[in-house]
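Peer 1: Chain by chain, the residues run as shown.
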Amino acid sequence: MPNKKQFLFGITRDLHYLCAHIIKYNINQTNNHMATVRLKKGFDIQLLGAITNSGIANADQPKSVAVVPDDFHGIIPRMEKKEGEHVVAGEPLYHDKNYEAIKVVAPVSGTVQEVRRGERRHIDAIVITPDGGTDAVTLDVNRDAEQVLLESGLWVMMRQRPYDVVPAPGIRPRDVFVTAFDSAPLAPDLAVVLGDKSKYIAKGVEVLAGLTDGKVYIGVREGQNLDVPGAVVTTFAGPHPAGNVGVQAANVKPVNKGDVVWTMDIVTVARIGELFSTGKVSHDTIVAVTGEMVQQPRYVKSVMGADLETVLKNELTNVVLSRIINGNVLTGVKTEVTQWLRAPYRHITIIPENNKPDEFMGWASLCPSRFSIYRTFTTWLGSLKKPVSFDCRIKGGERAIVRTGEYDAMLPMDIYGEFLIKAIISGDIDKMEQLGIYEVAPEDFALAEFADTSKLELQRIVREGLDRLRAEMS
Amino acid sequence: MNKIEPSFRPGGKLAKLESVYDGMETFLFTPNATSRSGAHIHDGNDLKRTMITVVVALIPALLFGMYNIGYQHYLAIGQSHEGWFTMFLYGLLAMLPVIIVSYAVGLGIEFISAQIHHKEIQEGFLVTGILIPLIVPINTPLWMTAVATAFAVIFAKEVFGGTGMNIFNVALITRAFLFFAYPSRMSGDEAFVKLDSALGMGKGAVVDGFTGATPLGQVATNVGDQLHMTNIVGEPISCLDAFIGFIPGSPGETSMIAILLGAALLLITGIASWRIMCSVFVGGLGMAALVHALPSATYPASMLDPWTQLCLGGFAFGAVFMATDPVTGARTNVGQYIYGLLIGVFAILIRVYNSGYTEGMMLAILLMNAFAPLIDHCVVSSNIKRRARRAAAKE
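Those protein sequence lines, which keep their order, are chains V and C. Note that my numbering numbers the first sequence so that position 391 is 391, with each residue one more than the last. Note that my numbering numbers the second sequence so that position 247 is 247, with each residue one more than the last.
Since the hints were made in silico from the structure, they are not lab data. All residues carry an ideal CB built from backbone N, CA and C; glycine is no exception. Check before you lean on any hint, since a few could be wrong.
As the list claims (entries may be wrong) - Derived pair list, reagent style PhoX-like, types lysine-lysine, alpha-carbon separation capped at 25 Å:
1) Lys280/V <-> Lys197/V
2) Lys385/C <-> Lys257/V
3) Lys313/V <-> Lys301/V
4) Lys385/C <-> Lys41/V
As the list claims (entries may be wrong) - Over 12 Å on every C-beta distance to chain C, these chain V residues come out as not near it, computed from the model:
5) His86
6) Val137
7) Thr138
8) Asp189
9) Gly238
10) Ser277
11) Leu316
Chain C with its partners taken away, still in its complex shape (with noise of 0.2 Å):
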């Protein structure tokens, strides 16, 4: 590395790529630089630490990501006996280019942008870009993936400074650029189960009365007083199901196994806030059990009981690597219970409530990524008076 150095300098024949040059250079290795002011010695951990561990925690919900479009796959073409490692690899062929394409896009455009402003590349975009396909219904085109990728690291993160100054989670403008600007792809019955071969694998007719609707579109269809949820081939699923995983949804939503597995690495490292991640499922928990106690056939969503809603969809998901974002989260303690709860509260009241949206965890987050900044502000005011009333009860 030392030895191609020069020619990325400024002056160098390959100057332009000096950002890049960089950015490989402390990949490789830890940067060699020692402290000229200030505290002479600095502890081991570093943002590409913290990211990375992020991205290991979500090694579980991608494996079995992969494994449940597999799973799913060969099921709706009748071929449910084949082997696991079939319906991984399967599922590995059908997400491969979805994952390079958003990597591919999103360091991209973050490449250049350090460039231009002659900053070190960061790593924000690590979790962004592995985050992004776990979110995204397999069968959506890889060019709207490529665009809503584009759109949310430029106009989401890129124009408020790059990372660590977004307002709004970038995985999520993704993802909600996708629902408002192809709102047909997005739900119903082709979205989530991906038929057709992934890259020349898996070919074959798809059953008869196949459904592709995740349970939280078949609830929010449902007529009549009792709730009826199936499986793509039309067999009832039960509460296990969802927590284990086997149904139809975004890649990295549907197993509530591996999403804890990932919560439990996140909690240990200490990288996510308990805070957040507790006050999500207690509030999620208490509204569900709230809108359940007063059922209502006119907004189906509210028959489920409340763990299922938990295990459903995109809530746990959301709960444990969405919300609990930093950059766009709440910062101080006391906000971070607030804003959990007002999540959790949220979610469940869009799911039950709006009939236009079947999931509410996407726009849950959102908001409250809009109102984490009032709650600090909040939170900090009181230790902004409390110090003001100090100062005055000397005078």
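Bound conformation, chain V alone (with noise of 0.2 Å):
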């Protein structure tokens, strides 16, 4: 796979990694007063269905709104309200069995139509029928910050690493990772999705830095001007996955055995600082509609949980062929036109399911659309930046790591990829703790689980193996 330009700089920085193997010296120390980090490794996948022109169409009022559980990963949920009582904006329907203070908030006013469960009685999705009503919960926000986060439903919309999960309150954070681009296919421009919030971010930065011993990072792309006061803003250049905040905090201060981080990107930062400016919580949000099988991709500006329905009204050109995804291509959730905006994207992508059922013999094509990133197949004789169609089969069957490489391509964290998916694999704590998976979360492995010769199932692998580890450590 490697081109002229890499292979010679292949060489290079592999001498400097003897050498650094040798003196015994970091590679990827940064320093906090250099600005731009460069990453060369990864990968920007051009799909077809880009948004154009950056206008932002009114949604109508949904006609349900509906919370789901699993977008909160490590909480476990304690229902507050049952089927058939009234909820207004802001008040909480589920607290974490474990922490009763976490809070998970109704979107809207309405009424709790439904509890919707699924096996073992897990709980799918809470539904609620707005009832238009334009009450909300005004929280007093001169108490101690943790509290209001927690009580106002925002706490829910952090992660913290290790693990990946909505953090553990009681904690303060060594620092707080932010990023302020999204640089996944398809993938919305954040200063759109901010709107009128962006006056918000300096206020929720000084929020942040007031849960935090360390210091507010914030990652920004080339180019893009966003000065904070209190914050550490670092430029990022390179292809994806340059946005994923794990990669921007391992390439700026990695997480340790120990440590804990929050992360997240700068629209809650921007809603924790509407919260306190204003006492209230915004669960307006703005998506962009992607995809090849949109008919006319754009912003649209609806509530958080919305009913896809209503969403997605006239812009969807064939439901049976097309697979909705909640946020992008490599890290989204599939969903039914029949369900609804998951609260942590800030994408819808729409693409075909599969538009080429049988394809004959598939691994002997010399045909240049066929798309892929390594040179055994010809598209990279054509352009790999040309906008392609995608579907969403596998196109090969599961093996063994076979080919070496494929992971550390698409990471640039100081991390051996492979061996850390080994080491899940095989279930060595220890290892996954030398190996470093404190520092990552299953998005950071969604490149290279597309780029995988061998199919494996590298998200699902790698969140098993935190889920694993957080079960051992409590």
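Each chain sits in its own coordinate frame; assemble them with the hints.
Peer 2: So, in structure tokens, the structure goes:
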């Protein structure tokens, strides 16, 4: 896969590593004063269906709104509201079994229509029928900031490393990492998603800075102007996953064993700022509706948890042949049109489910339109930068890891990805720790999962490893 | 395919052949399954494509090998005026049975093993099956090839868990098994040049003065301060002959040109690690230069100049197609340099200073196969230590 430049770069980098091994210094050491980090590893997948103008359409009032507990990993829901009860926007729906203080709140006012349960009484969704009311809970923000965040329902929008879960209360994080851009395929411009909330960023940073003993680090894209007092702004250049907050943290100040850091995106910071400025949480959200199967890719303004039929009104070209993804094509979740916008995502992607059934001897294809980042196919003779159509086929059977360096090429961290994955598969807790599992989240392996010749479900493997380690440590 | 599918599923009449059916179906049609969890889109590359690309890279060596078998044969029976097509056809007929036996035995075992474990048939043997005929001397009886292939597939691969899990290169284990079990058929005058007819073609009496020894074989038995290398009818040969490939040897290994064509494809497609490939050549060249600087009549191979060392025998073939096997080689970037370098060094070391083995490449690669996990362990340990130090510095 290396091109000429990478080839030469590869040699010099390897020699550099070799020297680093010998004289024992950390190659990934980055200076806090050095503002730009250039990442070489990774890849930008260009998909059809990008947004061409940044106008924002207003969606209708949602017919139903839902909260999906799976979106807040690490929380075991204990319901506070029953079916049929009335809730006001911002009022708690449920709390965590282990920390009662962690609340998940209703995004709109209305009636709890259904607590939908799946296997073993697992709560799949809490569906609210909105009553159109504009009532919302107002909080007294001149108290302990942690208490306010926990009560407001914004706490669950944050994540902590290790384990990539909702942070445990009562722990002051070493640092807070915020990403101000999304580098995933078809990702929205977070400046547009922020809308008029950008004025609250400074306040949000101020609040977060008060909750950590360290610093608030913000990662911005090259050319993005963002200057926030009280935050350390680092510029990241390079392909996806440069926008992943974990990748940014690993290249600024890696998470060590025993450390706890909080991670989030800039939109959550703005929401926190808004809460502490106005006393209210805004549940409005602007999402990008993108992808090949969308008639007119654009930004849509709606409410967190709004039903997709309302949000996607008239946008779907073909419901049957489409896959609707909450989030991007690498890390998002598959959603039916009868379901809802999921809280952590700023993005809906709709791509074909399978547009080439029964492809005859696809492994022998010389067709340049069969996209591969590897030169075993002929895509590279044309352009890897031209937007292409992608469906959801895996295009191969699951195999043992055979090719070398595939994961490392997609993971700009000082981590041996392949060895970490093997340690997780074999359930070797010590090895997982030693190889840096505390620094990663499943999303960091998403691009490697896309590129993997052996078609392993890397994100699932990493998630299971993190969950296992968390259970082991508690 | 869909029509006959039910009879292969559990409960169907032919359920015992389920793996074979799946194998055939995924061979003919790209799997239709769409992703259920994780990434929704996937790269077009899979292991089938990867393996097939390696097979394509082996084609130049295979075609030249066939031609050279014919060329050596007609030279030996004194009919070197025959056209290239006749020579190629003879070589084709001579090699076809070996290829068929190698694939039939190897794939047969893979199919049975896949069915026993109710797993998909994996592609690993596609490459191994073509490598075996290329590295086994042409005069090896077919039953020996069959036994060796079966041994290698079962004991070097399936017992470890199949494709991607083996410690030693399967094709080299086949070769090593033959080498140690039937040493008399693996070297000397009668191993590398096919003298009898191939499926009835190319009959003729061997000319006087014929000697079938490979150049390396001749070097090993060389007496005196001057090296004498000849072709099979006694004419002197040069480094150029070895580079083009008109010398006796295993079918795939003789032509440096054909091997370099394959190497180019492997490097362009990025399948083989250029780190390993280059460092094997660097290591070999360095070691060859060193031994050449200290020539000795006791070790006649030390009188070969470094370039000829690399052109002769299986060095280039091993460097390009065997050492770069990702499953059995080192997997970290730094590890790959060390791994490759040591293969090159050991190959020449064995060749020159161990008179028992005229060719050191096979043993060098197998030896380093065994050490590859250790090399990786050391490289990964330095990452682990760095992380531990970072955590300690904080406190």
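Peer 1: Now tell me, hint by hint, if it's right for this structure.
Peer 2: Consistency of the hints with the structure:
For a cut-off of 25 Å, the pair hint linking Lys280/V to Lys197/V stands: about 13 Å separates their Cα positions. Restraint check for Lys385/C and Lys257/V: satisfied, since their Cα atoms lie roughly 13 Å apart, inside the 25 Å limit. With a C-alpha separation of about 13 Å, the suggested pair Lys313/V and Lys301/V falls inside the 25 Å cut-off, and the hint holds. Annotation: proposed proximity of Lys385/C to Lys41/V holds, straight-line Cα distance about 23 Å (limit 25 Å).
With a least beta-carbon separation of about 36 Å from chain C, His86/V lies farther than 12 Å from that chain, consistent with its non-interface assignment. Every Cβ of chain C is farther than 12 Å from the Cβ of Val137/V; the closest lies at roughly 36 Å, confirming the non-interface assignment. Taking the minimum C-beta to C-beta distance to chain C, about 40 Å, the non-interface status of Thr138/V holds against the 12 Å cut. Annotated as non-interface, Asp189/V keeps its C-beta farther than 12 Å from every C-beta of chain C; the closest such distance is 21 Å.
Separation of Gly238/V from chain C is adequate, the least Cβ-Cβ distance of about 19 Å exceeding the 12 Å criterion. Every beta carbon of chain C lies more than 12 Å from that of Ser277/V, the smallest distance being close to 35 Å; the non-interface claim holds. No Cβ of chain C approaches the Cβ of Leu316/V within 12 Å, the least distance being about 17 Å, so the stated non-interface status holds.
Of the numbered hints listed earlier, not one is contradicted by the structure.
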